[in-house]
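Protein chains: 2
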Amino acid sequence: MDTLEAIMTRRSIRAFNSKPVSESAIKRLLEAAMNAPSAGDGRPWHFVIIDSRDQLDALADAVDDGNAMFQQAQAAILLCLDRRLEKFAGFGDKDCCCAAQNILLAAHAQGLGAVWISVAGIPPREAGCRELFQLPDNIEPFALFPLGEPVEPLPAEYRYDPARVHHNQW
Amino acid sequence: MDTLEAIMTRRSIRAFNSKPVSESAIKRLLEAAMNAPSAGDGRPWHFVIIDSRDQLDALADAVDDGNAMFQQAQAAILLCLDRRLEKFAGFGDKDCCCAAQNILLAAHAQGLGAVWISVAGIPPREAGCRELFQLPDNIEPFALFPLGEPVEPLPAEYRYDPARVHHNQW
Chain A
1 MDTLEAIMTR
11 RSIRAFNSKP
21 VSESAIKRLL
31 EAAMNAPSAG
41 DGRPWHFVII
51 DSRDQLDALA
61 DAVDDGNAMF
71 QQAQAAILLC
81 LDRRLEKFAG
91 FGDKDCCCAA
101 QNILLAAHAQ
111 GLGAVWISVA
121 GIPPREAGCR
131 ELFQLPDNIE
141 PFALFPLGEP
151 VEPLPAEYRY
161 DPARVHHNQW
Chain B
171 MDTLEAIMTR
181 RSIRAFNSKP
191 VSESAIKRLL
201 EAAMNAPSAG
211 DGRPWHFVII
221 DSRDQLDALA
231 DAVDDGNAMF
241 QQAQAAILLC
251 LDRRLEKFAG
261 FGDKDCCCAA
271 QNILLAAHAQ
281 GLGAVWISVA
291 GIPPREAGCR
301 ELFQLPDNIE
311 PFALFPLGEP
321 VEPLPAEYRY
331 DPARVHHNQW
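Those protein sequence lines, which keep their order, are chains A and B.
Take the first sequence: its letters are residues 1 to 170, numbered as in our numbering.
Take the second sequence: its letters are residues 171 to 340, numbered as in our numbering.
Simulated from the structure, these hints should not be mistaken for lab results.
There's no promise every hint is true.
[Claimed, not checked] Computed list of lysine to any residue pairs in SDA-like fashion (alpha-carbon distance at most 25 Å, straight line):
#1 B:Lys257 / A:Ser118
#2 A:Lys87 / B:Lys197
#3 A:Lys19 / B:Gln339
#4 A:Lys19 / A:Ala58
#5 B:Lys257 / A:Pro155
#6 A:Lys87 / B:Ala290
#7 A:Lys87 / B:Lys257
#8 B:Lys257 / A:Ala163
#9 A:Lys87 / B:Ser182
#10 B:Lys197 / A:Lys27
#11 B:Lys197 / A:Asp161
#12 A:Lys87 / B:Gly260
#13 B:Lys257 / A:Ala58
#14 A:Lys87 / B:Glu296
#15 A:Lys27 / B:Thr179
#16 B:Lys189 / A:Val115
#17 B:Lys257 / A:Gly111
#18 A:Lys87 / B:Asn237
#19 B:Lys197 / A:His166
#20 B:Lys257 / A:Ile122
#21 A:Lys87 / B:Ser288
#22 A:Lys19 / A:Gly40
#23 A:Lys87 / B:Met171
#24 B:Lys197 / A:Gln71
#25 A:Lys19 / B:His336
#26 A:Lys19 / B:His337
#27 B:Lys257 / B:Glu296
#28 B:Lys257 / B:Gly298
#29 B:Lys257 / A:Asn67
#30 A:Lys19 / A:His166
#31 A:Lys19 / A:Pro37
#32 A:Lys19 / A:Gln71
#33 B:Lys197 / A:Arg159
#34 A:Lys27 / A:Gln71
#35 B:Lys189 / B:Gln241
#36 B:Lys197 / B:Glu175
#37 A:Lys27 / A:Gly111
#38 A:Lys27 / A:Gln72
#39 A:Lys27 / B:Pro207
Keep in mind that this is a model prediction, so the values were computed, not measured.
The shape of chain A in the complex, shown without the other chains:
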């Protein structure tokens, strides 16, 4: 899929059919994530692939409002932040966001649906992920991405707003 088309037609997908997600598709998502830019090229990220039905169902309980999503999802990715790898203190969150956006776009380009489920900043989700995946103390669960083929494709939304654009000064 063309890059601008992918950017302009990607939607957050929260309902999935039962078609499995291939290992090769997941690997492409992780390749895309790890090719994101990061401050000082620090790459302060780790990823947990979740593809066992037991762990996906357990995620449905660990994430307060995500039950249906993770019960339907055929796979998921947990993106984690390791601040020990930050080249500039405090910039690791931005690096993880770039990796996250690459995952969302690479999923859409492959015909997969995905949605960004925030974990960092939401203590019950952080604790749930930390326990479920037995994360080391220094690893921060950052965001979850349930994956699957969309039950139905959503129409593109055009969000450009000229009121948000300024020219050479505010």
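Since chain A is already given, all that's left is putting chain B on it; use the hints.
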């Protein structure tokens, strides 16, 4: 350009030739930025297009180590965060990062070079941008993107690292 190709071949470009950047190319970058996902669909962003030579040269002084970049750049975008538009307090930074990554990918897909220059978290740059662009008090300068045609394309880097991948648990 294919989406996965754009993600896998994008590099940070800091040296530009003198070919102008078209208004239509810049508009596509802003369309891409504003089609990023945001928490609660808050879209807490504003953009300043910088395409006057005077303002680009002034940016070279406002950004401590960016002189050559902004002197060479044919245009730039300043991405700003308006926390009053956040749907969930504190999530606006993540929203802006997604917009930023879309700008970088949409630039590369159009044959333009760009690089993410952090402003938020670096007080002298924040003050420089705030003064130069006369930003309102509630608007936070977040990141700058100098733009232009690359002096030379950089080879792709493959950054996938299997040591960062875990399976169903850490």
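Hint check:
Under the criterion of a C-alpha separation no larger than 25 Å, the hint pairing lysine 257 of chain B with serine 118 of chain A is consistent with the structure, at around 13 Å. Under the criterion of a C-alpha separation no larger than 25 Å, the hint pairing lysine 87 of chain A with lysine 197 of chain B is inconsistent with the structure, at around 33 Å. Between lysine 19 of chain A and glutamine 339 of chain B the CA atoms are separated by roughly 23 Å; this keeps the pair inside 25 Å, and the hint holds. For the hint pairing lysine 19 of chain A with alanine 58 of chain A, the CA-to-CA distance comes to about 20 Å; that is within 25 Å, so the pair holds.
About 23 Å separates the Cα atoms of lysine 257 of chain B and proline 155 of chain A, which keeps this hinted pair within 25 Å; it holds. In summary, the hint linking lysine 87 of chain A to alanine 290 of chain B is supported, as the alpha carbons are separated by about 16 Å, within the 25 Å threshold. Distance restraint check for lysine 87 of chain A and lysine 257 of chain B: the Cα-Cα separation of roughly 30 Å exceeds the 25 Å cut-off, and the hinted pair is therefore not satisfied. A hinted pair counts as satisfied when its Cα atoms are at most 25 Å apart, and lysine 257 of chain B with alanine 163 of chain A qualifies at roughly 19 Å.
For the hint pairing lysine 87 of chain A with serine 182 of chain B, the CA-to-CA distance comes to about 16 Å; that is within 25 Å, so the pair holds. A threshold of 25 Å between alpha carbons decides the hint, and for lysine 197 of chain B with lysine 27 of chain A the separation of about 33 Å lies outside it, so the pair is violated. Pair hint lysine 197 of chain B plus aspartate 161 of chain A holds up; C-alpha atoms about 11 Å apart against a cutoff of 25 Å. Using a Cα cut-off of 25 Å, the hinted pair lysine 87 of chain A and glycine 260 of chain B holds, with the two alpha carbons roughly 23 Å apart.
A hinted pair counts as satisfied when its Cα atoms are at most 25 Å apart, and lysine 257 of chain B with alanine 58 of chain A does not qualify at roughly 28 Å. Taking the CA atoms of lysine 87 of chain A and glutamate 296 of chain B, the gap is near 20 Å; set against the 25 Å cutoff, the hint holds. Taking the CA atoms of lysine 27 of chain A and threonine 179 of chain B, the gap is about 17 Å. The hint holds against a cut of 25 Å. Annotation: proposed proximity of lysine 189 of chain B to valine 115 of chain A is violated, straight-line Cα distance about 38 Å (limit 25 Å).
With a C-alpha separation of about 29 Å, the suggested pair lysine 257 of chain B and glycine 111 of chain A falls outside the 25 Å cut-off, and the hint is violated. With a C-alpha separation of about 22 Å, the suggested pair lysine 87 of chain A and asparagine 237 of chain B falls inside the 25 Å cut-off, and the hint holds. Note on lysine 197 of chain B and histidine 166 of chain A: the hinted pairing holds, with a Cα-Cα distance of about 12 Å set against a maximum of 25 Å. For the hint linking lysine 257 of chain B to isoleucine 122 of chain A, the alpha-carbon distance of about 15 Å falls within 25 Å, and the restraint holds.
In summary, the hint linking lysine 87 of chain A to serine 288 of chain B is supported, as the alpha carbons are separated by about 13 Å, within the 25 Å threshold. Only pairs whose Cα atoms come within 25 Å are accepted, and lysine 19 of chain A paired with glycine 40 of chain A is rejected, the gap being roughly 39 Å. The hinted pair formed by lysine 87 of chain A and methionine 171 of chain B fails the criterion: a straight-line CA distance of about 31 Å is larger than 25 Å. Proposed proximity of lysine 197 of chain B and glutamine 71 of chain A is contradicted: the alpha carbons are some 40 Å apart, above 25 Å.
Under the criterion of a C-alpha separation no larger than 25 Å, the hint pairing lysine 19 of chain A with histidine 336 of chain B is consistent with the structure, at around 23 Å. A threshold of 25 Å between alpha carbons decides the hint, and for lysine 19 of chain A with histidine 337 of chain B the separation of about 20 Å falls inside it, so the pair holds. For the suggested pair lysine 257 of chain B and glutamate 296 of chain B, the alpha carbons sit about 24 Å apart, so the restraint of at most 25 Å is met. Distance check on the hinted pair: lysine 257 of chain B and glycine 298 of chain B sit about 28 Å apart at the alpha-carbon level, beyond 25 Å; violated.
Between lysine 257 of chain B and asparagine 67 of chain A the CA atoms are separated by roughly 22 Å; this keeps the pair inside 25 Å, and the hint holds. Proposed proximity of lysine 19 of chain A and histidine 166 of chain A is contradicted: the alpha carbons are some 45 Å apart, above 25 Å. For the proposed pair lysine 19 of chain A and proline 37 of chain A, the alpha carbon gap of about 32 Å is over 25 Å, so the pair is violated. A threshold of 25 Å between alpha carbons decides the hint, and for lysine 19 of chain A with glutamine 71 of chain A the separation of about 13 Å falls inside it, so the pair holds.
Between lysine 197 of chain B and arginine 159 of chain A the alpha-carbon distance is near 13 Å, which keeps this suggested pair within the 25 Å criterion. With a CA separation close to 22 Å, the supplied pair lysine 27 of chain A and glutamine 71 of chain A stays within the 25 Å bound. For a cut-off of 25 Å, the pair hint linking lysine 189 of chain B to glutamine 241 of chain B stands: about 13 Å separates their Cα positions. Note on lysine 197 of chain B and glutamate 175 of chain B: the hinted pairing holds, with a Cα-Cα distance of about 22 Å set against a maximum of 25 Å.
Taken as a hint, the lysine 27 of chain A and glycine 111 of chain A pair is honoured in the structure, with Cα atoms around 15 Å apart against an allowance of 25 Å. At most 25 Å may separate the alpha-carbon atoms for a hinted pair to count; lysine 27 of chain A and glutamine 72 of chain A meet this at roughly 20 Å. In summary, the hint linking lysine 27 of chain A to proline 207 of chain B is supported, as the alpha carbons are separated by about 23 Å, within the 25 Å threshold.
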